[in-house]
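Engineer: Chain by chain, the residues:
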Amino acid sequence: MASKTVRAIRGSSRTYNLPIADLYVQQFGSGAPLLWLHSEDYYELDLPLIQKLAQKYKVIVPWMPGYGKTDLPDTVRTVDDLSYAYLDLMQKLKLEKTRVVGFSMGGWLANEIASKDCSRITKMSLVCPVGVKIGGAYDRDIEDIYYHPTATVQSFKFSNPQKDPMVPKELSEEEAFNLARAKETTAKLAWDPYFHNPTLKYRLHRISVKTQFIWGSKDGLTQPKYGRAYAKLMPKTEFTTIAGAAHFPHVEKPDSFDPVLENFLR
Amino acid sequence: MEFYHFTEFPWPYLPPDDEFTSMRVNLPSSVFDPKKGSDLYHSYLDQHVLADELGLNCMINEHHQTATCINSAAPLSVAIAARETKNARICILGNPAANLRDPIRCAEEMAMIDNISHGRLECGFVRGVPYELFGSNCNPTETSSRLWESVQLMQKAWATHDGPFNYEGRWIHKRQVNVWPRIYQDPHPPIWMTGGSDVNHATRAVESGFTFTMFLTPADGMRKMFDGVRENLKKKGLPKPADDLFSFMPLLAVGDTEEEALKFVQEVFWYVTNNKAEPQFRAPPGYVETPLYANFLSGRFSGGRTDAIRTKGMEYFRENGVAVYGTPDSVAKQLKSLYKKVGGFGHLIAMMHSGDMPFKHTAKSMKLFAEEVVPQLKDLGTVSSSLGPLKDRGTPVKASKFNGRTEALASARENWLKQQTKKAKAA
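In the order they appear, the protein sequences are chains Z and Y.
Once you know that position 211 of the first sequence is 210 in numbering that gives the first Met the number 0, the rest is easy, because the numbers rise by one and skip nothing.
Once you know that position 230 of the second sequence is 229 in numbering that gives the first Met the number 0, the rest is easy, because the numbers rise by one and skip nothing.
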């Protein structure tokens, strides 16, 4: 699914062999660096918005290991572990004043990176990020994508399920294999603790850069109230909702979403 | 060949089918009535006693959060059988080693049971069906690796008698491992493992000297798997495994007449018709090999062995060896043919009870099986001449040389001890 459209956008790609993991990285356009961290469902790898942003920025798109290009090494079991590969990448690419955009699990990754070192980052935009636990032991902050039937999970993610670009029944064998591999990788990183790192929230105060939270008003996977509480854990945040969209507002309502992101990144 | 009776300890009093979506994971326990349940437990435990009286062995399993099986802590019922039976080999199949947070606790339980039963334990370890990943919250992508690490640690713990050792492995960290009591069977009880689609896992099990078993698998699939294992072992230059390293479980019923056997097997068939589960519970990511999971996601595979076979009739089940039923002579003939078809196996686990099948029906089927079928088959196949991993097991010997499993194991143990002494001297 993902690779087809991305190939159509002019860019370059390279695999970086880093001590933690190998990262396949695409780059589009030129200008100030913009690090683009895709979600567990990797819709963002072929989002038309990349092309728009590439007119102004050097958009750097690493594919998380295990999502179609490089393998997730057995030694990497958490997003926390993985964040060190991205820190190494940022160092290797000598990135300065980077804009970071992260979606869902990519938003979690962004916070794991920035809470360790945000000296190379100028601002961040996080779209429905996961990664922290807000409620009590009996509260399910993030709906269980493994327990619920597929259609229910889809309704958590999309206010209008017709907008979901992923139609598994239409996938070729190779695409289905990549989807399966990606879901396995997500489970490796997020089965337990479920889509969060229990210690991350005690490090979020270290993120000193301005951070935008964008949330779909109809997000059923992580409700806006989770997002608002999450944003309060960080020092410099602003919170915007996209009306009528769920967990992937950039897919479901790009006309509302794109300007909100672009204005913030400016 | 060895024969085991099996009941899964079902809870048969289900709500109307349209009132629940799954037998597994989320069926509320309000469906279970302890007054009826306590009677059921006794009826099922009685089946183990009856099996023993008839000269059969017992297989005992566990599942969690399901009405298909209320035996949610198998070591407890195995311990009861260890005390209440005299001669039966008691096969736990198995301990969900991949999902257990503390395998040393499991090693201790098995050591106690092996002592209480005077060395009649057959110790199975399972990865657990996919439904178990929800209740255990074990990461499905880790289960294979955790299973093997747990089992190898337990083997080491059972075989160590000179005080504590420390262990810091991939998933498990333990300090001062020192299992008491010392296990009865040296170096440890026979180990069993189950499997479905992964031939490499099955090969590794047999190579380790474990008995590999399949459940309700059509003969063609079983043949493919067993042949795959034998071929892999040959490629590795290993000796031919004896039949006692392979096992199979069909639904089984014996009657005085074909009609009676059909009636009984239809009662056992409850397990197949009622084993419904929501599709997502069958395929958490990472549980099966990636290509198979990809087929599940894209709808190329429905994800259920029982789904595929449920819709076909009983005759289909009989043709494929998944259900074996009939008069004693007919059942013996079917099993001989199955043995041939799949290239041999040394243990037959007979699922002779399920659902609300009355005790007297199961008892009759068991009695006919033990008295009229088993004598026709017990000398079938080969057994290992020593213990340990396959490379040390020696040339398979005919099962007919021994009067049953315990005797064959005693002989193998003697040979194994000789090997150990020789090795020690050489060192």
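Simulated from the structure, these hints should not be mistaken for lab results.
Mixed in with the good hints, there may be bad ones.
Label-pair ranges, simulated between beta-carbon atoms [claimed, not checked]:
no., chain 1, residue 1, chain 2, residue 2, range
1, Z, Tyr15, Y, Glu413, 55 to 63 Å
2, Z, Asp191, Y, His160, 34 to 42 Å
3, Y, Tyr12, Z, Glu173, 46 to 54 Å
Think about it this way: if two alpha-carbon atoms lie no more than 25 Å apart in a straight line, the pair counts; the simulated PhoX-like pairs of lysine-lysine are [to be verified]:
no., chain 1, residue 1, chain 2, residue 2
4, Y, Lys397, Y, Lys239
5, Y, Lys332, Y, Lys377
6, Y, Lys332, Y, Lys233
7, Y, Lys332, Y, Lys400
8, Y, Lys173, Z, Lys187
9, Z, Lys168, Y, Lys233
In this text, a Cβ means the ideal position worked out from N, Cα and C, and glycines have one as well.
Engineer: Does Lys239/Y sit within 25 Å of Lys397/Y, going by the straight-line distance between their CA atoms?
Structural biologist: Holds, at roughly 13 Å.
Engineer: Is Lys173/Y close enough to Lys187/Z, meaning Cα to Cα at most 25 Å?
Structural biologist: holds, 23 Å
Engineer: Could you say whether the range 55 to 63 Å given as a hint is met by the Cβ separation of Tyr15/Z and Glu413/Y?
Structural biologist: holds, 60 Å
Engineer: Taking 25 Å as the top limit, are the C-alpha atoms of Lys168/Z and Lys233/Y close enough?
Structural biologist: Violated, at roughly 40 Å.
Engineer: Could you check the hint for me, namely that Tyr12/Y and Glu173/Z are 46 to 54 Å apart, CB to CB?
Structural biologist: Cβ of Tyr12/Y to Cβ of Glu173/Z: about 48 Å, so the range 46 to 54 Å holds.
Engineer: For the pair we were handed, Lys332/Y and Lys233/Y, check the Cα-Cα distance against 25 Å.
Structural biologist: violated, 30 Å
Engineer: Could you grab the alpha-carbon distance between Lys332/Y and Lys400/Y and see if it respects the 25 Å cut-off?
Structural biologist: holds, 22 Å
Engineer: Need the status of pair Lys332/Y, Lys377/Y: alpha-carbon distance at most 25 Å?
Structural biologist: Holds, because 13 Å separates the two Cα atoms, which is no more than 25 Å.
Engineer: Regarding Asp191/Z and His160/Y, is the given constraint of 34 to 42 Å on their beta-carbon distance met?
Structural biologist: Because 36 Å falls inside the window, the suggested range holds.
In the structure shown, a violation is registered for the earlier hints numbered 6, 9, in ascending order.
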